[in-house]
Structures are given as C-alpha cells and as structure tokens.
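Just so you know, the sequences run in chain order A and B.
Mapped onto the numbering used here, the consecutive letters of the first sequence carry residue numbers -19 to 100.
Mapped onto the numbering used here, the consecutive letters of the second sequence carry residue numbers 2 to 114.
Calculated from the structure, these hints are not laboratory results.
Any given hint could be a false lead.
To be verified - A short, non-exhaustive set of chain A residues, derived as facing chain B with CB atoms under 8 Å:
| id | residue |
| --- | --- |
| 1 | G22 |
| 2 | L25 |
| 3 | L26 |
| 4 | D36 |
| 5 | F45 |
| 6 | A68 |
| 7 | V69 |
Backbone N, C-alpha and C define an ideal beta-carbon position, used for all residues, glycine too.
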Amino acid sequence: DAGVIQSPRHEVTEMGQEVTLRCKPISGHDYLFWYRQTMMRGLELLIYFNNNVPIDDSGMPEDRFSAKMPNASFSTLKIQPSEPRDSAVYFCASSTDVGLAGGRFTGELFFGEGSRLTVL
Amino acid sequence: DAKTTQPTSMDCAEGRAANLPCNHSTISGNEYVYWYRQIHSQGPQYIIHGLKNNETNEMASLIITEDRKSSTLILPHATLRDTAVYYCIVRGYRGSTLGRLYFGRGTQLTVWP
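The shape of chain A in the complex, shown without the other chains (with noise of 0.2 Å):
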C-alpha cells in the first residue's frame, strides 16, 4: 500500500491566493483526518471525516478555510483568501472505523508526508 499521498509536497503563495491541499487516504480506511502544525501551536486538529462525511470541523480556524471528501478516495482542504498566518504543515491522516481485530481494538493513524505551506 502506498499509504497516505498529500500534494502538493511544497507550496509557495502569495497573500490573498487561493491554496489547495489535496489528500488521498489508504484504501478501505473509513476515517480522514487534516491536522496543522506550528511551531507555536504545535500539532492541531482541523476537521475529521468519517464515511466521506464531516464530523467535527470545530478547529477549523474560520470561514476562509473549507474541506470537502467527494469519495472515499480524496478529500481536499482549501483556504481562500490565504494569510500569512496560514504558513504551517499540513497532515493528513486516514483510520480504520473502529473496532477489534483478534479480539483487540485497532484504530492507528496513517499520516501522510504533509503539504508545507509558506504564504508570502
């Protein structure tokens, strides 16, 4: 399996730019997750989806950020009009739906690479 696939890997925009990550999770896996990291804030939840569906989107920071999971196989996370405040890594990470394997309870993240986002 390829794992978690994010892109683009590095991205340069000047302010007021529309960005878009895009995020592919591993097959069969029915949980998306998109994380932000800072140095100041550390390793941040944005939204989670589950079955293509959004769940909980309460660390997303305002209107300008939106996400969206057409199918199981992609999601995307846009932020229009970007800010320099924005500048961070972008993870995605995908999930198995819960539940137990052998008797034992599964459920491990896959993160991908992250998309590291600088805005001008």
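Given chain A's structure and the hints, the job is docking chain B onto it.
Using the frame of chain A, we list chain B on its own:
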C-alpha cells in the same frame, strides 16, 4: 481540550532506556492510550497502543498504571535515530474521542552519543 500531559523535553544517552511519561488522569473506560512519534518534519508515526495491560512490540514497550491515569513509553535501547517528538493521545472506540484526537506538543526526546 487536552486529555494528556507530557514533559516538554527529555534526553537520554544512546544505548540506555528512554522512559517517556504521560499523564491521562481523565481517561475513560473505553479509551485506549496511543503513542506516536514525529521525526523532523515527517508525518507522525504510530508506535504502540494499549488499554490496561502492558504491551510490547518491536519498537517499544508501554506500561499503563493500574488506575490507567498514567503511562510510560519505554524505548529499551535508545539510538540516535530515536530523537523525535513523542506524542501520547487517548482514543476511544465510541463517543467524542473516537475522532477528535488531540496531539498537543508532545515530548522532544534527544538521544545523545
């Protein structure tokens, strides 16, 4: 909404055991303790998880106290490549903690030669 607390940083000599503590005093009965680590700017990597029994795998051991309010991740023979940020989180198999996972800032472990 932090559910775990960890020291900001620790260090360890190469070849010695690294013991990373985590406090999760508000853990509920359906929540597991998970440990992840992040090397440089890579995505966090799963290490181990457990409910109430001690667990061991090829990477580490996890010791959970009997009251489940704290745990310790043990890297038995730390190497320089174990230098990373280590995160302790709790995740339940139902309820709000099923999805809303809080990583926080973790513990920066530095292994020195």
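Hints and how they fare:
Contact between A/G22 and chain B, as hinted, is supported at the beta carbon level, the nearest pair being about 4 Å apart and thus within 8 Å. Hint on A/L25 holds. Least Cβ distance to chain B is approximately 6 Å, under the 8 Å limit. Checking A/L26 against chain B by beta carbon gives a least distance of about 11 Å; that is not within 8 Å, so the hint is violated. Here the hint on A/D36 is kept, as its CB sits about 6 Å from the closest CB of chain B, short of 8 Å.
Given the 8 Å rule on beta carbons, the hint for A/F45 is violated: about 17 Å separates it from the nearest Cβ of chain B. Taking 8 Å as the C-beta cut-off, the interface hint given for A/A68 is violated, the closest approach to chain B being about 11 Å. The criterion of a C-beta within 8 Å of any C-beta in chain B is met by A/V69, whose closest approach is roughly 6 Å, and the hint holds.
Of the numbered hints listed earlier, those contradicted by the structure are 3, 5, 6.
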